[in-house]
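Chemist: Produce the complete structure using the sequences and hints provided.
The chain contents come next:
Protein chains: 2
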Amino acid sequence: MLRLYGIPTSGNCYKVELLLKQLGIPYEGISVNSRQGENRLPEYLAKNPFGQIPALELESGVVLAESAAILVYLAEDTPMYGQTKLERAEILKWLFFEQTRIARYIATTRFWVRAGQAEANASLIEQNLKLGTDALRIMNTHLEGKTFFVGERYTIADVALFTYTHVAEQGGFDLKPFPSIQAWCQRVQETDQFFPLPGA
Amino acid sequence: MLRLYGIPTSGNCYKVELLLKQLGIPYEGISVNSRQGENRLPEYLAKNPFGQIPALELESGVVLAESAAILVYLAEDTPMYGQTKLERAEILKWLFFEQTRIARYIATTRFWVRAGQAEANASLIEQNLKLGTDALRIMNTHLEGKTFFVGERYTIADVALFTYTHVAEQGGFDLKPFPSIQAWCQRVQETDQFFPLPGA
Chain A
1 MLRLYGIPTS
11 GNCYKVELLL
21 KQLGIPYEGI
31 SVNSRQGENR
41 LPEYLAKNPF
51 GQIPALELES
61 GVVLAESAAI
71 LVYLAEDTPM
81 YGQTKLERAE
91 ILKWLFFEQT
101 RIARYIATTR
111 FWVRAGQAEA
121 NASLIEQNLK
131 LGTDALRIMN
141 THLEGKTFFV
151 GERYTIADVA
161 LFTYTHVAEQ
171 GGFDLKPFPS
181 IQAWCQRVQE
191 TDQFFPLPGA
Chain B
1 MLRLYGIPTS
11 GNCYKVELLL
21 KQLGIPYEGI
31 SVNSRQGENR
41 LPEYLAKNPF
51 GQIPALELES
61 GVVLAESAAI
71 LVYLAEDTPM
81 YGQTKLERAE
91 ILKWLFFEQT
101 RIARYIATTR
111 FWVRAGQAEA
121 NASLIEQNLK
131 LGTDALRIMN
141 THLEGKTFFV
151 GERYTIADVA
161 LFTYTHVAEQ
171 GGFDLKPFPS
181 IQAWCQRVQE
191 TDQFFPLPGA
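Residue numbers (UniProt numbering), protein chains in the order written: chain A, 1 to 200; chain B, 1 to 200.
Incorrect hints may appear among the rest.
As the list claims (entries may be wrong) - Stretches of chain A that chain B covers, calculated by requiring three or more beta carbons in the stretch to come under 8 Å of a beta carbon on chain B:
1) 9 to 22
2) 137 to 147
What the hints assert, rightly or not - With a Cα cut of at most 30 Å, we get these calculated DSBU-like pairs of lysine-lysine:
3) Lys146/A - Lys47/B
4) Lys21/B - Lys85/A
5) Lys176/A - Lys21/B
Said to hold, decoys possible - Here's a subset of chain B near chain A, in silico, CB distances under 7 Å, partners left out:
6) Ala46
7) Pro49
8) Lys85
9) Lys93
10) Gln99
11) Ile138
Bear in mind the hints are in silico, worked out from the structure with no lab data behind them. Model, not experiment: these values are computed from the prediction. Glycine included, C-beta positions come from ideal geometry on N, C-alpha and C.
Modeler: Right under this line is the structure:
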């Protein structure tokens with residue numbers, strides 16, 4: 001059975017758990033609590049030298065890292081990944097956008113705000129609010145007249161982008177100016193086997 | 001013919017140009033000078049709403065964005081991408097690592113240093129030097145006993161990681177503690193049709 005290392009409240013872990021559940025793939029969750037530094041312990045680094053959660057251990061013992069790469073691995077032979085070369089490029093484009101903008105500007109800011117570290121990071125948060133809002137604007141414009149990000153169906157681009165976007169307001173971002181994002185978040189939450197991000 | 005928007009001195013553009021040359025794919029380069037803000041002009045944003053370079057326009061008129069997604073698109077049917085599901089996951093893992101660590105910590109720092117903006121960004125540079133060096137250590141350990149990053153052959157993981165790594169010292173990083181990285185950089189520079197990063 002697949003083994004997923006991480007904690008359920010981590011957005012990057014949640015993306016993988018949500019996909020596993022929605023694809024009906026059984027797995028065993030193994031707690032690696034990054035908030036207690038367990039991701040820096042030698043026994044975990046031996047499995048995943050990147051030192052991040054999540055990591056996915058295959059039955060062969062091979063350990064995959066980077067949540068977005070894991071999403072592609074799991075979805076590759078399903079309609080949740082691209083069916084054509086162009087669809088795959090579009091989905092990958094959004095996965096890179098998510099990691100370099102949404103995770104970087106929105107997830108980080110939400111983490112600081114919830115951990116009581118907003119004051120200590122005030123100048124970075126100011127910049128993140130601007131750059132994160134720019135990213136939300138790009139998403140909102142893209143979604144106008146569409147149901148999902150790529151190919152008019154629910155894919156791993158939606159799984160990845162939904163996670164930190166739907167809780168952006170917990171980081172001080174305003175979703176009211178972005179009705180297409182709000183409607184899309186609602187559609188994601190109505191997909192089969194959806195479950196909410198724990199602790200959000 | 002494919003059209004590549006960007007400037008040759010941008011590392012993210014160079015990755016795509018290097019791959020195009022090495023795969024023997026003809027293309028037309030169209031200058032979009034991000035240092036003069038041309039990536040924010042309405043006519044460019046109409047092509048690439050992400051507002052970044054590079055972007056690749058296909059003969060159909062479709063425009064691809066995000067350099068790493070473009071690399072996958074171009075290499076998908078060649079030995080420079082993964083031949084198995086596991087190889088593809090490994091290559092994607094390194095592509096995400098490159099964008100979230102090497103491009104973020106090393107490329108940004110090199111840019112500031114070369115643009116005379118090191119003092120204005122001193123505290124972020126201090127953090128970037130630490131986190132970028134952590135990333136180099138992960139790469140160096142991975143490369144021990146290997147010729148290239150994935151599958152013992154030259155792939156787009158190498159193209160992406162090479163670009164900002166081989167000029168890391170221009171940003172104040174020290175490559176001397178990382179002999180496996182240095183030997184790998186040499187091997188990349190010996191691949192067929194390699195050409196150096198302009199202006200580096």
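Chemist: If a hint holds in the structure, say so; if it doesn't, say that too.
Modeler: Now the hints, each set against the structure:
no. : hint               : result
1   : 9 to 22            : violated (count 0)
2   : 137 to 147         : holds (count 3)
3   : Lys146/A - Lys47/B : holds, 18 Å
4   : Lys21/B - Lys85/A  : holds, 20 Å
5   : Lys176/A - Lys21/B : violated, 46 Å
6   : Ala46              : violated, 11 Å
7   : Pro49              : holds, 5 Å
8   : Lys85              : holds, 6 Å
9   : Lys93              : holds, 4 Å
10  : Gln99              : holds, 5 Å
11  : Ile138             : holds, 5 Å
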